[in-house]
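Student: Residue numbers (my numbering), protein chains in the order written: chain A, 1 to 422; chain B, 423 to 844; chain C, 845 to 1226; chain D, 1227 to 1608.
Quick caveat, the hints were computed from the structure, so don't treat them as lab data.
Among the clues, some could well be false.
Stated by the list, open to error - Listed next, the in silico BS3-like pairs over lysine-lysine satisfying Cα-Cα at most 27 Å (straight line):
id : chain 1 : residue 1 : chain 2 : residue 2
1  : D       : K1285     : D       : K1558
2  : D       : K1482     : A       : K12
3  : A       : K12       : D       : K1285
4  : A       : K235      : C       : K1195
5  : B       : K657      : D       : K1558
6  : B       : K774      : B       : K835
7  : C       : K892      : C       : K1195
8  : D       : K1546     : A       : K293
9  : A       : K23       : D       : K1351
10 : C       : K937      : C       : K985
Keep in mind that this is a model prediction, so the values were computed, not measured.
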Amino acid sequence: MSETPLLDELEKGPFPSFVKEIKKTAELHEKAEKEVPVMAKGVLKQVETSFRDKITHWKHGGIVAVRGYGGGVIGRYSDLAEEIPEVAHFHTVRVNQPSGWFYTSKALREICDIWERRGSGLTNFHGSTGDMVLLGTFTEQLQPLRDELAELDTPFDIGGSGGDFRTPSCCVGPARCEFACYDTLEACYQITTEFQNELHRPMFPYKFKIKFAGCPNDCVASIARSDFAVIGTWKDDIKIDSAAVKEYAGQIDIQAEVVDLCPTGCMSWDGSTLSIDNANCVRCMHCINKMPKALAPGDERGATILIGGKAPMLEGAILGWLFVPFMEMEPPYDEIKDMVAELWEWWDEYGKFRERIGETIWRLGMSEALRVAGVDAVPQHVQEPRNNPFMYFAKDELVHSDIVKEFEKRGLKLKGEAGEED
Amino acid sequence: MSETPLLDELEKGPFPSFVKEIKKTAELHEKAEKEVPVMAKGVLKQVETSFRDKITHWKHGGIVAVRGYGGGVIGRYSDLAEEIPEVAHFHTVRVNQPSGWFYTSKALREICDIWERRGSGLTNFHGSTGDMVLLGTFTEQLQPLRDELAELDTPFDIGGSGGDFRTPSCCVGPARCEFACYDTLEACYQITTEFQNELHRPMFPYKFKIKFAGCPNDCVASIARSDFAVIGTWKDDIKIDSAAVKEYAGQIDIQAEVVDLCPTGCMSWDGSTLSIDNANCVRCMHCINKMPKALAPGDERGATILIGGKAPMLEGAILGWLFVPFMEMEPPYDEIKDMVAELWEWWDEYGKFRERIGETIWRLGMSEALRVAGVDAVPQHVQEPRNNPFMYFAKDELVHSDIVKEFEKRGLKLKGEAGEED
Amino acid sequence: MVDLDQRLNDWKEFIAKRKEKDYFSDFGPPHYANFLPPVIKKNYGKWKYHEILKCGVLKHVAENGDAIYSVRAASPRLLSIYTLREFCDLADKYCDGFLRFTSRNNVEFLITDESNIDPLINDLKAMGFPVGGTHDATAGKYALSNMVHTQGWVHCHTPAIDASGIVKAVMDELFEYFEEMKLPALCRLALACCANMCGAVHASDISIVGIHRTPPLVDDDGVRRMCELPTTVASCPNAAIKAKPKEKTVEVNVEKCMFCGNCYTMCPGMPLFDPENDGAAIMVGGKLSNARHLPTLSKVVVPWIPNEPPRWPGVVDVVKKILETWASEARKHERLIEWAERIGWEKFFEKTGLEFTQHLIDDYRVTPYQYTSYRATTQFRW
Amino acid sequence: MVDLDQRLNDWKEFIAKRKEKDYFSDFGPPHYANFLPPVIKKNYGKWKYHEILKCGVLKHVAENGDAIYSVRAASPRLLSIYTLREFCDLADKYCDGFLRFTSRNNVEFLITDESNIDPLINDLKAMGFPVGGTHDATAGKYALSNMVHTQGWVHCHTPAIDASGIVKAVMDELFEYFEEMKLPALCRLALACCANMCGAVHASDISIVGIHRTPPLVDDDGVRRMCELPTTVASCPNAAIKAKPKEKTVEVNVEKCMFCGNCYTMCPGMPLFDPENDGAAIMVGGKLSNARHLPTLSKVVVPWIPNEPPRWPGVVDVVKKILETWASEARKHERLIEWAERIGWEKFFEKTGLEFTQHLIDDYRVTPYQYTSYRATTQFRW
Ligand code: SRM
Ligand code: SRM
Ligand code: SRM
Ligand code: SRM
Ligand code: SF4
Ligand code: SF4
Ligand code: SF4
Ligand code: SF4
Ligand code: SF4
Ligand code: SF4
Ligand code: SF4
Ligand code: SF4
């Protein structure tokens, strides 16, 4: 009988099987030149046990790291280490992927070669944050692994983990998409490189993620999965190629499928001409998505920044809140770099331990974050204005009345009076 | 020169003037047989002073009450009592209005006569909660005033104030409205009478308001201004008088003004017949409102109950949350009486001081309140289901696993295990 | 439907029973059937439809063809008993003594003889009580009804603004909209003199709410005499109040205070009145009815306008500007919130000319609604 | 647009400089221009439109008429280096060595010679890596793409369910939707093995999330060895954990716990695994894109399904039922949330046959969204 009767069930079926991948590795790794045991074998036993017990058998990792880096490695040990020594250690290494997840076979092969020697031979292409994830190795392999990755022709570096700047990622953008409103790949690359220190040495209250999407379709899930989402947009009018619209008219029902589904109802179609009241367009992309040959984003392009996106742990999930309606996105991206740095400084000072920046903003108020980042409050910031009259007013907004004087006399400092930078 | 130059400005203009009312009272009260000074004169001085100083001159009232009653009187003193002795005391008496604010001239005159003798002669018809408000008298007048009101042919009783059941109110309903889905006046009357003790003797954590509206138009603002809103509705199909619809077709654009504005798009109109997909009607009233001669609520009538409505102090305003999708509304209204009593018992036990029941529910969870009231959870309760997976499970929902046994062994009681009624 | 005479009898018996007790109390309001005109008693629950004869005059028709006419007159709500007596005179003259008040504090005269309508209206006008405030939903023509409002400087101890004075000034300015049905949809105005919002400010189309802007100035002596320290401390939603048990008083972290006034309600030793800094915030877009759009809360669109007695021109101007911008731009049947959401709040500020400031972004973390008022999408208008 | 060669040079210089330091670190990812096929370099930022040639095959056309074909193959995400090498072989054979991965972990082969498409597809199929998962937005025909998912029992220490196993079972069952574009709109599936939701569960059309249902069973010894008391106590959002400083351990008020597992993340002495009571909740209606409907969070529609390895039939059934009910009822271009809101959640439960229970009513007061998910209107469907 098979040693993995439960897992074997998952070799069946048309979708590619992770069990096959592990088995394949267990089989082929045996023959390779390597410095670790055939860990994939251990994985099979360990996971089969979990399938039987309906419980994980991995333990907390503690801190494992490579020289000069604080993050990038997730420590992991088996609680069945005695029975399954192959996976006594099973640390994961996060390797910073190239922008847009583009590779050449040459680069990929080199990584495979290293990982065959120094680890389990199992990977995730990619992790949810975007890293190339090398799944499982022993503590003593970490440093040589890193060093060998660094020595490659196109060297690869470690990604983020812990309370640090996490590995940013971006959509395919201008490399292969006609909708890209800015260069997501270059922005991602430059901002990653700019903040290597913050990425490699956890020093924040908690994790901080940036994701770059080229347009409001948000193919990289930035609005929900990053603290700072940079989403391409435009300011001027949607470009219309009328001839191409007419071609579409033969294919689809423009009125029903495009015009009627516009969320603001700002389009009209008389059977031959499509017009858009751009002042009321919210740049949702729907019409462009449906007729990519005929419509395109305008020429005045840049990005909208949303802040605070995150998963529900602990105070509930947040979809990024609009923070900067429009930012120009040209190298060297100083505006965005400065803003991020300022926000970090503020969050570092006021954020609680394990509090995402969205939660800090929720606690201290969006106005505070806008002030820190030097962004003016505009109606675009709100879905609707506040519904309670419990507003703060700072001293310099008050009339210098007798009452205010009485506060001064008593030596009580009103809000905004002291200590705060203007 | 006038003694009230600022107030005089408010005698001008076409809308009825409260200043004229006060002046008129000041003038005519002089001639009346009365037991109090001409308080209206004092009011003029006091309010003129406020208009000049831009500040109120009334002070906290402390507790003033009549024999056997704990609420119904709002104590009020002037901080200018020495200069304006007429309003040294200026207590308000809340008198429970009749359902629907219907009066006869006879009843009104009798009240006026009493109030001329025993108070300022100033009133609010009505207070925001619905009471007839007798505005301003001296402490020593309170008891005789109450007694005389009680001695009338149609005796009037005191309303609520403080942490008690507040004076309920209702829309005009079946007395003069074709939309009424239940008898708001009788329900209001019977429930008010049932809970006289709770209305007159503050014993709750905070105030509790009930308002009765005959249909979803909510002409008595129950959804926002009462903790327990009873809003008429129906279960079966909207009644359509096709001939009358056709008449409307001559007057209005049925497609644009009725059908297209239906929030669920469940109506259709082919130029001669109007049809409604009642399964998708949310009984918003729009179509009925616009064509009252042609459309009417169905025959299976009752009320929807919403709970928790309140103003923003302190945790933010609440619009009543759907609590009972449908309740039959027939005298003696036992179902509603029982439910209210059960909720009070629970709120009394778990509510904090000055916590409205909506806030208690917010803190302890709607499921808890539903359980207390014996209402089943249904999709109608939510605008959308919860967006976080942080759910409670009680012991009896669990598999009796080894882990659960371990809890039992350790003597730890899981949720729902002990102390709670089924 | 119901047997009102039976119920009236029940009520009489109930009263008689209560009177037997040695203290006649807890008898409740008089049964409404005491006060209903015969045509209503007869057609109770049997009304079929209504029409608007003209602004301020409703005609309700029963299944059997009976009709009742209601003539609605404006009221300042603060009424003298002498005026009430005059109302009674008119009711006797034209309505067999029957009248009622509405949920927005107007007075309604209930007429069975149609020919009495115009004489009554004339008498009311002569008295200074104009008729209006109704709407014709079918035609999509709405008048402005009375403002729901509160006590202000006439009676309350916590107001940041007056009530009746501002209401009078606003209604004078908007009077044409009361007398004529020329608004495209229902528009409800409300005023509350402090954040307690006694009334409907938190859910009205346009509303005015009194706010303070300076923290309580602790009167140690007052605190000692009149306040319980634990309840005073607990009264603050922002935990801005700290007890000083030794001195038997409290101290306020003034930077944390957002001027709600709840501490003053609990403790007279914590006044927070400032003639120069108190004033009004303007809120819009609330809605109560379930017609079409869901009921919604009001939203602040102007954070502060100073107190300017006796006629508050600043407040009046803003209210008028909002009302008229909406009235001229909205579609028929489209309430303020429906219009604002259709055009977008960006355009609301553009069209009304109101300035958007950081105050309008919610930062009151205690209320959970804050979260949802932030925009969480790239969809917006420039 | 951009001069990619220039940037590549800059990068090389930057790397060279870094190498001068005595520890070569902090050099970041390789510049992507290292890995772009020539046709992309040439047309970077100059793409004009795209077409879907068939399910799994995209054609992007540049302003100058150049075209690139992308062939998308499914991936279990957990890949062996031996499979990766086979991908490299295929890339060499058909794509001059160029390939990429997508944000949903599919692999894309980037082809310039159209005639290579079908041979590549055949090779991939033979390898067990079927091609599909794309959509034709114009035609309103959508395939189901890969499920975003997490580690589960393969690597993580906090899961309540497995990840890869369930994903495999679900994708097998729904395979026809991966291979053919026959859904009416985009539908994104996601799985997370615990409430940390590494991935997109909180904003996906249909998702599966692992949940615990029993409180942590304190291992006093473990707490003493591995945990800091203050951070452990602070980790609980419900204040259910109390320190017992004398015993150097903690105690859990088990009635307050809602099983989030955060304490276990902070302190290994607080395991909350229970094979029989752990399981999956199902959420629906999340959405990321800004197209038409605003982005929204997912909502729980099934509170719990037990762990049933190896193929989790209970979970698979529910996901399939939801997907197919939506697919057959929705209008073209209408995503799950758009459909659910159009028909109403009442009908969602009716049509999918899922049971509504009290668990689906939010009672997690810490998150402010709770408030807005209660219905605050009389508008609902029976
Ligand atoms: C590996 C990865 C999942 C995967 O299978 O791909 C992962 C794995 C872990 N995540 Fe995550 N997260 C991963 C992407 C995410 C994402 C998605 C994203 O980044 O787009 C999220 C949701 C977005 C967000 O950040 O909110 C995410 C939200 C969390 C959270 C909850 C954070 C919150 O504020 O709600 C935790 C809890 C924590 O930090 O203690 C967490 C914690 C963890 C830990 C470290 C477990 C823990 O309790 O400490 C997991 C280690 C598992 C392991 O054994 O390797 N992980 N985690 C992803 C990182 C791979 C990579 O670098 O590419
Ligand atoms: C007289 C009246 C205003 C009026 O001019 O009509 C009134 C007057 C006061 N209200 Fe009110 N409330 C009045 C209806 C309301 C309403 C409207 C309603 O009932 O439909 C509300 C909003 C609905 C609600 O209950 O939430 C209302 C919400 C408040 C609040 C805030 C409650 C909250 O939970 O948010 C307070 C604060 C408090 O209780 O300390 C309050 C407190 C007060 C006090 C007692 C002031 C205080 O701080 O203790 C006021 C006494 C004024 C005076 O001098 O007479 N009043 N109060 C209304 C009662 C008359 C009547 O019985 O008919
Ligand atoms: C008399 C009164 C009830 C009472 O018991 O006192 C009343 C009576 C009628 N209301 Fe009302 N409503 C009355 C307060 C309200 C309120 C409460 C309030 O304003 O505080 C509301 C909710 C306001 C809100 O939504 O913010 C209210 C929302 C409606 C609506 C919904 C309109 C909408 O589009 O949202 C209708 C239906 C319609 O006519 O379109 C309605 C319809 C009516 C009808 C036509 C019902 C009928 O068939 O008799 C009545 C005549 C209306 C008119 O003024 O022309 N009534 N009506 C109240 C008159 C107040 C006043 O003096 O102006
Ligand atoms: C390759 C990829 C970007 C990348 O850098 O890897 C991508 C590529 C494209 N996306 Fe996307 N999207 C990709 C992930 C996403 C995501 C992120 C996610 O799923 O986690 C989203 C947001 C999902 C959501 O809203 O929940 C996403 C929402 C869209 C939309 C919005 C559709 C909608 O109705 O909401 C479009 C527009 C459309 O085609 O209708 C779009 C359109 C496109 C187009 C047509 C853009 C173009 O002109 O090239 C691309 C081909 C789509 C296709 O699959 O047929 N893409 N797209 C991602 C492929 C993932 C996969 O393997 O399936
Ligand atoms: S987010 Fe926009 S630019 Fe980026 S790949 Fe998707 S559709 Fe293209
Ligand atoms: S992008 Fe969206 S909002 Fe703008 S015109 Fe197109 S469909 Fe309408
Ligand atoms: S709430 Fe309905 S029943 Fe009552 S008066 Fe208004 S429209 Fe008529
Ligand atoms: S009552 Fe409202 S939801 Fe129902 S059919 Fe009429 S307009 Fe539509
Ligand atoms: S709103 Fe405030 S100030 Fe005005 S009456 Fe109510 S409690 Fe008093
Ligand atoms: S006014 Fe409100 S916020 Fe300020 S101290 Fe008093 S209770 Fe606290
Ligand atoms: S979702 Fe939870 S269990 Fe799964 S990988 Fe993330 S942290 Fe681990
Ligand atoms: S599982 Fe979550 S709720 Fe339960 S004790 Fe731990 S931290 Fe608190």
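Student: Against this structure, judge whether each hint is valid.
Tutor: Results for each hint:
| no. | hint | in the structure |
| --- | --- | --- |
| 1 | D/K1285 x D/K1558 | 23 Å, holds |
| 2 | D/K1482 x A/K12 | 43 Å, violated |
| 3 | A/K12 x D/K1285 | 32 Å, violated |
| 4 | A/K235 x C/K1195 | 20 Å, holds |
| 5 | B/K657 x D/K1558 | 32 Å, violated |
| 6 | B/K774 x B/K835 | 25 Å, holds |
| 7 | C/K892 x C/K1195 | 42 Å, violated |
| 8 | D/K1546 x A/K293 | 34 Å, violated |
| 9 | A/K23 x D/K1351 | 19 Å, holds |
| 10 | C/K937 x C/K985 | 31 Å, violated |
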